[in-house]
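Assemble the complex: chain U is given as a structure, and chains V and B must be docked to it using the hints.
Protein chains in written order, with full-length UniProt numbering: chain U, 1 to 199; chain V, 1 to 199; chain B, 1 to 199.
Since the hints were made in silico from the structure, they are not lab data. Be aware that one or more of the hints could be misleading.
A pair counts as met if it fits within one copy or between any two copies, since identical chains are not told apart.
As the list claims (entries may be wrong) - Lysine to any residue pairs mimicking SDA-like chemistry, simulated, CA-CA at most 25 Å apart: (1) Lys115 - Ala159; (2) Lys57 - Ile132; (3) Lys57 - Ser107; (4) Lys57 - Ile162; (5) Lys192 - His27; (6) Lys79 - Ala114; (7) Lys192 - Asn172; (8) Lys57 - Val95; (9) Lys193 - Asp61; (10) Lys115 - Val73; (11) Lys193 - Phe76; (12) Lys87 - Met195; (13) Lys190 - Thr92; (14) Lys115 - Ile160; (15) Lys190 - Phe109; (16) Lys55 - Leu113; (17) Lys190 - Ile132; (18) Lys55 - Phe109; (19) Lys55 - Gly112.
Everything numeric in this text was worked out from a predicted model, so none of it was measured.
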Amino acid sequence: MSTLDVIVYITIFVAACTGALKARAFHMDIFGGLVMALVMSFGGGSIREILMGNKVKWLNDYAAFVLVGSAVVITFIFKRRIIKYRKIIFFTDAVTLGLFTVIGIESGFDNGLAKPFAIMMGVITATFGGLIADIISNTVPTLLKKGEMYATASAIGGAIYILNPYFGMDKNTNMIICIVLIVFIRILSKWKKLMLPEI
Amino acid sequence: MSTLDVIVYITIFVAACTGALKARAFHMDIFGGLVMALVMSFGGGSIREILMGNKVKWLNDYAAFVLVGSAVVITFIFKRRIIKYRKIIFFTDAVTLGLFTVIGIESGFDNGLAKPFAIMMGVITATFGGLIADIISNTVPTLLKKGEMYATASAIGGAIYILNPYFGMDKNTNMIICIVLIVFIRILSKWKKLMLPEI
Amino acid sequence: MSTLDVIVYITIFVAACTGALKARAFHMDIFGGLVMALVMSFGGGSIREILMGNKVKWLNDYAAFVLVGSAVVITFIFKRRIIKYRKIIFFTDAVTLGLFTVIGIESGFDNGLAKPFAIMMGVITATFGGLIADIISNTVPTLLKKGEMYATASAIGGAIYILNPYFGMDKNTNMIICIVLIVFIRILSKWKKLMLPEI
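One chain only, chain U, in its complex shape:
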């Protein structure tokens, strides 16, 4: 198992917890929680793979399946406690955003995409899980409303990730810088109320 694989599995687990917590906010039952966890963990990546004409990657991946299931069970058991950690969730969600961006871009390159389209796959992987979860919960996707920078953070980080190798940066350092940058933009936009102008 490579370092990237470990990163993928951590991302899946954190995203699943976020999904289960979203489900609770909408008074869904446990099955609803499982669906929301699956959507947050695998939704963005599934859309990416389907757009590129592949089958989705989580089929027959027992480890990923068990991680999502565990996240739902843990969320179910520790009811009150998790809700208190809103700041931790905001932070892990930002980390997830960074991780999924890198994973999506790398997957785009593996499928022979040009750089701008690989960035697009990174943004899709990072944000479309939440988009689908919002559609399922029947709310206007926060992603698309005027507000904090979310997809924009993913896009800026992705662009830097593409540019860094031109300055001779090695891959591992590049990944870390990209993820840290995305987390930083996310926190800064929340803190300073940075936002994109309305169209």
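Using the frame of chain U, we list chains V and B on its own:
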């Protein structure tokens, strides 16, 4: 045409009627009724095939196409009468749930999926048509809200379907038992107000 | 670049403008405008290609990407002015409907679909971009509600497009007639309040 094919076409027809009736409840026009009928009949199976990297099965399938069209026309003509048969619709819908579960699991096995993932394909086939129909009609999917057991009935039936062969049960008996069990759980959960706990 | 390619790119640009304007109506930010533009331009075609088991066509297509981006930028700069031209937008939208219908049918034939299923692909290409945009903006899709003929115009035009060759009509004339007919039905239905009966 095998017995399974006959079952598939009956399921398509019943699901299409359900879709057309849902469209009426939302005051859609005939085209909307056709879309809802197509979504209920082919939605779950299409998502399943797309996730597994295949093209959808209903392309160039004239029989399926004619069945859905007939369901819409019949629903349109017999306006008042069908609405009276709510109990029949509940029952046929439960049967559809059972049939689609079996169809989805078998399709998962045909694509080389391991058992838990095949069950997942069964549940997706059985429930995602209704999920998409709910999203299109802009309602919070009933599937995900706390309520009667729907997807759970499909999942339990699917698990039994996977386990039965270990006890030497032949395939046809297994299919029938799985479908009957799902219908039974569905009716029981409606009758006794059984439901999953909230997450 | 063939004449059909030119038509495709014009359609993409017009559809992207429509998407950006829809985003403005929902007070989205620029990123939301880009997503809506992408959905209106590539949504219907993507669904068509995915249903047929292919990867989507816009990957690595720089020209299409630049066109959508330009449409968003132009919409953003000429804020007040474009809103005045509601009638022009209605007209270009009707033209887009016609163009996408033809593009979808031809793509269906390229993938070996029988005539009725090729028409279906035409209607899906022409209407599902708007359907997804409506779902994302959390409104009941206008496509499905009782109202003016939209998908029906696409379907009638598609049927004529399929039938014309039997009368010895050459392909270019056929395409023009189909598009003009769809625009005509669209305008007529708006003007005379023609609509399909409720189901």
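Evaluated hints:
1. For a Cα distance limit of 25 Å, the shortest separation of Lys115 from Ala159 inside one copy, 9 Å, qualifies, whereas the shortest one across copies, 41 Å, does not.
2. Taking the shortest Cα distances, Lys57 and Ile132 sit within 25 Å of each other both inside one copy (18 Å) and across copies (22 Å).
3. Taking the shortest Cα distances, Lys57 and Ser107 sit within 25 Å of each other both inside one copy (11 Å) and across copies (18 Å).
4. With identical chains, the CA atoms of Lys57 and Ile162 are at most 25 Å apart both within one copy (24 Å) and between copies (23 Å).
5. In this assembly of identical chains, the alpha carbons of Lys192 and His27 lie at most 25 Å apart only when taken from different copies (21 Å versus 32 Å within one copy).
6. When the C-alpha separation of Lys79 and Ala114 is checked against a cutoff of 25 Å, the pair qualifies neither within a copy, at 45 Å, nor between copies, at 32 Å.
7. For a Cα distance limit of 25 Å, the shortest separation of Lys192 from Asn172 qualifies neither inside one copy, at 30 Å, nor across copies, at 57 Å.
8. For a Cα distance limit of 25 Å, the shortest separation of Lys57 from Val95 inside one copy, 21 Å, qualifies, whereas the shortest one across copies, 32 Å, does not.
9. Proximity of Lys193 and Asp61 under a CA criterion of 25 Å is satisfied in neither setting, with 40 Å inside one chain copy and 35 Å between copies.
10. Taking the closest pair of Cα atoms, Lys115 and Val73 come within 25 Å of each other only across two copies (21 Å); inside a single copy the shortest separation is 39 Å, beyond that limit.
11. In this assembly of identical chains, Lys193 and Phe76 lie within 25 Å of each other by CA distance solely across copies; the values are 22 Å between and 33 Å within a copy.
12. For the homomeric pair Lys87 and Met195, the shortest alpha-carbon distance inside one copy (20 Å) is at most 25 Å, but the shortest distance between copies (33 Å) is not.
13. In this homomeric assembly, Lys190 and Thr92 come within 25 Å of each other (Cα to Cα) only inside a single copy, at 14 Å, whereas the closest approach across copies is 40 Å.
14. With identical chains, the CA atoms of Lys115 and Ile160 are at most 25 Å apart within one copy only, with a shortest distance of 11 Å there and 42 Å across copies.
15. Proximity of Lys190 to Phe109 under the C-alpha cut-off of 25 Å is found in neither arrangement, the shortest distances being 31 Å within a copy and 47 Å between copies.
16. Taking the shortest Cα distances, Lys55 and Leu113 sit within 25 Å of each other both inside one copy (17 Å) and across copies (12 Å).
17. In the homo-oligomer, the alpha carbons of Lys190 and Ile132 lie at most 25 Å apart inside one protomer (22 Å), although the nearest pairing across protomers, at 29 Å, exceeds that limit.
18. Proximity of Lys55 and Phe109 under a CA criterion of 25 Å is satisfied in both settings, with 17 Å inside one chain copy and 15 Å between copies.
19. For the identical chains of this complex, Lys55 and Gly112 are neighbours both inside a copy (16 Å) and across copies (12 Å), given an alpha-carbon limit of 25 Å.
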